[in-house]
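**Student:** Sequence:
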Amino acid sequence: MATEVVQIGVGQLSSKYYYDPSKPYYVKTQECIFFNYNFQNNIPYAISFTSTENINDEWKSWVRHMRIKKNTDGTLQLLLDENAIDVTQ
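To convert, note that position 57 of the sequence shown is 57 in the numbering used here; the numbers rise steadily by one, no gaps.
Think of the hints as simulated: they come from the structure by calculation, not from any bench. Worth double-checking, as some hints may not be accurate.
[Claimed, not checked] In silico DSS-like pairs for lysine-lysine, Cα to Cα no more than 30 Å straight-line:
no. : residue 1 : residue 2
1   : Lys23     : Lys69
2   : Lys70     : Lys16
3   : Lys16     : Lys28
4   : Lys16     : Lys60
5   : Lys23     : Lys70
6   : Lys23     : Lys60
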């Protein structure tokens, strides 16, 4: 399993690999995955997660685009996918 943080237009910023066979890492349904990266406001990112299914050893990939928007009132908003890429929002 691997996780990766990419800044759109810049490249890979962070990655973590869980390939140590002596310590298998299992993700449970609804479990949060910790990305050890200090995300900044108004920067579009792509978060990727690659894993192997236990049943048939099939590789699965998952990617989400995200951006943290600071509103005029000072609150923060998490934008996902097409909303994260559209910087006019």
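**Student:** With the threshold set at 30 Å, check whether the alpha-carbon distance from lysine 23 to lysine 60 stays at or below it.
**Tutor:** Given pair lysine 23, lysine 60 holds - Cα atoms ~20 Å apart, limit 30 Å.
**Student:** Between lysine 16 and lysine 60, is the straight-line Cα distance small enough, at 30 Å or below?
**Tutor:** Judged against 30 Å, a Cα distance of about 16 Å means the pair holds.
**Student:** For the pair supplied as a hint, lysine 23 and lysine 69, is the alpha-carbon distance within the 30 Å limit?
**Tutor:** With Cα atoms ~37 Å apart, lysine 23 and lysine 69 exceed 30 Å; violated.
**Student:** Holds or violated: are the alpha carbons of lysine 23 and lysine 70 at most 30 Å from each other?
**Tutor:** violated, 39 Å
**Student:** Against the 30 Å threshold, does the CA-CA distance of lysine 70 and lysine 16 hold or violate the hint?
**Tutor:** It holds: about 28 Å lies between the C-alpha atoms, which stays within 30 Å.
**Student:** Is lysine 16 close enough to lysine 28, meaning Cα to Cα at most 30 Å?
**Tutor:** Given pair lysine 16, lysine 28 holds - Cα atoms ~18 Å apart, limit 30 Å.
In summary, the structure is inconsistent with hints 1, 5 from the numbered list given earlier, while agreeing with the others.
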